[in-house]
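Novice: So the protein lines, in turn, are chains Y and E. First residue of the first sequence? That's 1 in the working numbering, and the numbers climb one at a time after it. First residue of the second sequence? That's 1 in the working numbering, and the numbers climb one at a time after it.
For the record, the hints were derived by calculation from the structure and aren't laboratory data. Every residue gets a Cβ at the ideal spot worked out from N, C-alpha and C, and that includes glycine. You may find that some hints are simply not true.
Unchecked claim - PhoX-like cross-link-like pairs, simulated, lysine-lysine; straight-line CA separation at most 25 Å:
hint, chain 1, residue 1, chain 2, residue 2
1, E, 136, Y, 372
2, Y, 322, E, 286
3, Y, 306, E, 136
4, E, 167, Y, 361
As the list claims (entries may be wrong) - Far from chain E, by Cβ distances over 10 Å, these chain Y residues were calculated:
hint, residue
5, 29
6, 136
7, 335
8, 480
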Amino acid sequence: MDVILEMRNITKKFPGIVANKKVNIKVFKGEIHGLLGENGAGKTTLMNILFGIYKQDDGEIIYKGEKVEFRSPKDAIKAGIGMVHQHFNLVETLTVWQNVVLGRGEFILKDEKKKLLDVINKYGIKINLDARISTLSVGEKQRVEILKALYRDVELLILDEPTAILTPQETRTLFESLRKMVKSGLTVIFITHKLKEALDVTDRITILRNGEVVRVVETAKTNEVELAKMMVGKEVVLKPIKRQKKKGKKVLKIENVTALNDEGVEALKSINLVVNSGEILGLAGVSGNGQKELEEVIVGVRRIEKGKIYLDDIDISRMSIKDRIKSGLSCIPEDRLGSGVASKLSVVENLMLRDFENYGKFNLDFEKMRKKAKELVEEFDVKTPSLDIPVSMLSGGNLQRLILARELSRNPKALIASQPTRGLDIAGIEYVRKKIVDTANSGTAVILISEDLDEIFHMADRIAVIYEGQIKGVFDKDVVTKENVGILMAGGSL
Amino acid sequence: MRIERREEISKIVLYSLPFLSILASLIFVGILLWFVGVNPIEAYYIMLIRTFGSKLGLSELFVKSTPLILTGLAVAIPMRAGLWNIGAEGQLYMGAFIASFVALNFASPFAIPIMFVLAAIFGAAWAFIPAILKAKFELNEIISTLLLNYVAIYWVEYLVYGPMRGKNVYNFPYSDLFPECATLPRFFDTRLHLGVIIAFLIVFIMYLTFRKTSFGFSVNVVGANPRAAEYAGIDRKKIIVYTMLIGGAIAGIAGMEEISGIHHRLRAAISPGYGYAGIPISLLAKGNILAIILSAMLFGFLYVGGSALQTTYSIPIAVVYIFQSLVVLFIIGGEFFVRYRVVR
Numbered sequence: 001m002d003v004i005l006e007m008r009n010i011t012k013k014f015p016g017i018v019a020n021k022k023v024n025i026k027v028f029k030g031e032i033h034g035l036l037g038e039n040g041a042g043k044t045t046l047m048n049i050l051f052g053i054y055k056q057d058d059g060e061i062i063y064k065g066e067k068v069e070f071r072s073p074k075d076a077i078k079a080g081i082g083m084v085h086q087h088f089n090l091v092e093t094l095t096v097w098q099n100v101v102l103g104r105g106e107f108i109l110k111d112e113k114k115k116l117l118d119v120i121n122k123y124g125i126k127i128n129l130d131a132r133i134s135t136l137s138v139g140e141k142q143r144v145e146i147l148k149a150l151y152r153d154v155e156l157l158i159l160d161e162p163t164a165i166l167t168p169q170e171t172r173t174l175f176e177s178l179r180k181m182v183k184s185g186l187t188v189i190f191i192t193h194k195l196k197e198a199l200d201v202t203d204r205i206t207i208l209r210n211g212e213v214v215r216v217v218e219t220a221k222t223n224e225v226e227l228a229k230m231m232v233g234k235e236v237v238l239k240p241i242k243r244q245k246k247k248g249k250k251v252l253k254i255e256n257v258t259a260l261n262d263e264g265v266e267a268l269k270s271i272n273l274v275v276n277s278g279e280i281l282g283l284a285g286v287s288g289n290g291q292k293e294l295e296e297v298i299v300g301v302r303r304i305e306k307g308k309i310y311l312d313d314i315d316i317s318r319m320s321i322k323d324r325i326k327s328g329l330s331c332i333p334e335d336r337l338g339s340g341v342a343s344k345l346s347v348v349e350n351l352m353l354r355d356f357e358n359y360g361k362f363n364l365d366f367e368k369m370r371k372k373a374k375e376l377v378e379e380f381d382v383k384t385p386s387l388d389i390p391v392s393m394l395s396g397g398n399l400q401r402l403i404l405a406r407e408l409s410r411n412p413k414a415l416i417a418s419q420p421t422r423g424l425d426i427a428g429i430e431y432v433r434k435k436i437v438d439t440a441n442s443g444t445a446v447i448l449i450s451e452d453l454d455e456i457f458h459m460a461d462r463i464a465v466i467y468e469g470q471i472k473g474v475f476d477k478d479v480v481t482k483e484n485v486g487i488l489m490a491g492g493s494l
Numbered sequence: 001m002r003i004e005r006r007e008e009i010s011k012i013v014l015y016s017l018p019f020l021s022i023l024a025s026l027i028f029v030g031i032l033l034w035f036v037g038v039n040p041i042e043a044y045y046i047m048l049i050r051t052f053g054s055k056l057g058l059s060e061l062f063v064k065s066t067p068l069i070l071t072g073l074a075v076a077i078p079m080r081a082g083l084w085n086i087g088a089e090g091q092l093y094m095g096a097f098i099a100s101f102v103a104l105n106f107a108s109p110f111a112i113p114i115m116f117v118l119a120a121i122f123g124a125a126w127a128f129i130p131a132i133l134k135a136k137f138e139l140n141e142i143i144s145t146l147l148l149n150y151v152a153i154y155w156v157e158y159l160v161y162g163p164m165r166g167k168n169v170y171n172f173p174y175s176d177l178f179p180e181c182a183t184l185p186r187f188f189d190t191r192l193h194l195g196v197i198i199a200f201l202i203v204f205i206m207y208l209t210f211r212k213t214s215f216g217f218s219v220n221v222v223g224a225n226p227r228a229a230e231y232a233g234i235d236r237k238k239i240i241v242y243t244m245l246i247g248g249a250i251a252g253i254a255g256m257e258e259i260s261g262i263h264h265r266l267r268a269a270i271s272p273g274y275g276y277a278g279i280p281i282s283l284l285a286k287g288n289i290l291a292i293i294l295s296a297m298l299f300g301f302l303y304v305g306g307s308a309l310q311t312t313y314s315i316p317i318a319v320v321y322i323f324q325s326l327v328v329l330f331i332i333g334g335e336f337f338v339r340y341r342v343v344r
């Protein structure tokens, strides 16, 4: 087979870390090449170098037999390389085809639309060219992004964690069209940290760990256990979770709650949910269907239009945030850096974010705060060189441990955990899941909001599905299948 | 050559930045001075010797720095909560106005403390308007504080041309001189007045407030990440209002000290833009309360040394202002290098 791309001895250093260490990668024409690794393994950095966003400190890139040096994404696109990022760059008010031809700087529109149809037919992409972006689902928007790349005569397409935002069904559709694309001669680099997907869709896989290539394997000749071992560097088995099942009393009751989103549109429509003590209620849904607003409404940072929220039979829906916290509500927010910590402040300060007032009004007892912080850091195994560095220096996993330490050490009556393991490595995921389950075992009522169905089925006792701000059903875990939950998540009915 | 984002903020660049910025502006102003026919080395020498070389120079340095310390605080404290108080100038004028009103109408042994308290209240009240608009309606405080400056400045101008114009001022737009009981005592046969000491005292109190109290802690959290503060149960709106009130009160006191310590009467243009100078002073100090003293003294030095240049070489005061602006510009421009770096 022909080699379309070769990156040789790529090294890229950032202050304090080596993101890529003498990385070699070879991609054959017409294959789907997986780039597998945990967060921070250097996958995205490597692709950003290829796409001209970063420049390598050392090493060279051979593309189609020639040594190349892209100074910006523009150069890369010109050479036939496209990249679809996790975040979309689409104009919501324009239609699909307008978005695709946008920014070409050429105005031969009639021909353009014909060319677009050719591309669509060639790769079998299902999309309505005249639909407005704002009316599309996330999966469809991603297809537009891919179309944008293909339309620019891309020969090598890079997809950065493309399934993070998709339902299981949408993921399947994406995989099917990827296979069609490579059949018609396209080459795809597929960045992921999900083993199953790497096994499902790729032809060969390069495994990265700590910025270095561990190995290159043919997908057909490997398996999940082997991949996980190479990715993490040690044997891993996701341990089954021990749950102590006992029927508790109602702790958190959400009654007919209606709320608006930032645009003033109803994001929650008469939500009813009950969580008992010692129970984990999993809330499944594709992101953007009201999960964020539900978290905010319970915490108290978003106004409730209608309805009530009870914590232990006390109406908290009109209480200040502070009083809610005092009544025993804890939250692991979805947006860790945005809502969970003040990243410029130190580890101590962030651990004390909610409790500092207990350490004096006019003469804060910093000694005592430090002592408590030190205990928490040790108990929750937060790896930090010092208590005084800003938390922006911590890794994602340690940041989440810090938030867990702050929120769980209060022995909350109710806990909202929103996407608690998103972006964490396997060790981090295990730790966070274990801590949340421990908390539930000790009697806390837990709402687990997650886009990861595996996670919900792994941890929850009951599962609620949210779609367009409405609860589409609540089930005992044992009586419902992933497929059925997936259908409800996508707006279907059973 | 290309520009790349730094993954980590460089400590060395961060702390050496103010000094490098000042050095760079010295070089640029040097070129400028050289163009208007002045030897820059000699000029800088004269600025230094006239400021630090005599009792008069030193006392003037402190006199000029005092209102700058206070307006610097008036900007820095709201800035710690993430707010831009562009209104220190107006708050200063409102403080000056009420203090004059007391001085001229209620002369008594208690005039000074009453003037202090009322000036603080009026300055705070002037800051309360944009604060409450921000807290309740998210109205941009930059615009509201800025616009209220003009109201305050022209209010005082109106007063000295009208109702408060003195009887013995030969039609100048001044009020009468204050009675002695309403003027701040001076020391060492210079213009060094009691207000200088009070300004330093206020810095110290604010330093403790932000270092030691739970209120100070909350302000730091709101400034660092308002959303995380909200999630943690800190009432962001309260913090907005309180920090603006403190800032306004301190600016009001600056106005009182200027008229009671220096001018001894109300007149138009009591401040050559001290309130606005508070913004770069606070930026230069990076919101650090104690560092405000240093950065205000730097600006004070530019004022004093600048007038020395004016009298020696009869160069226009504009050059001094250009000097000040360049320092600010270099610092803000230099911030770029904290976050980005140039790579080959």
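Novice: Compare the structure with each hint and give your call.
Specialist: Against the structure, the hints:
1. Only pairs whose Cα atoms come within 25 Å are accepted, and residue 136 of chain E paired with residue 372 of chain Y is rejected, the gap being roughly 36 Å.
2. Between residue 322 of chain Y and residue 286 of chain E, the direct Cα distance comes to roughly 30 Å. Violation of the 25 Å bound is thereby established for this hinted pair.
3. The straight-line distance between the Cα atoms of residue 306 of chain Y and residue 136 of chain E is roughly 21 Å, inside the 25 Å bound, and the hint therefore holds.
4. Between the alpha carbons of residue 167 of chain E and residue 361 of chain Y the distance comes to roughly 52 Å, so the proposed pair goes past 25 Å and is violated.
5. Every CB of chain E lies more than 10 Å from the CB of residue 29 of chain Y, the least distance being 30 Å, so the non-interface label holds.
6. Every CB of chain E is more than 10 Å from the CB of residue 136 of chain Y (nearest about 29 Å), matching its label as outside the interface.
7. Residue 335 of chain Y, annotated as away from the interface, has a beta carbon of chain E within 10 Å; the closest lies near 8 Å.
8. Its beta-carbon lying about 32 Å from the closest one in chain E, residue 480 of chain Y satisfies the requirement of being farther than 10 Å from that chain.
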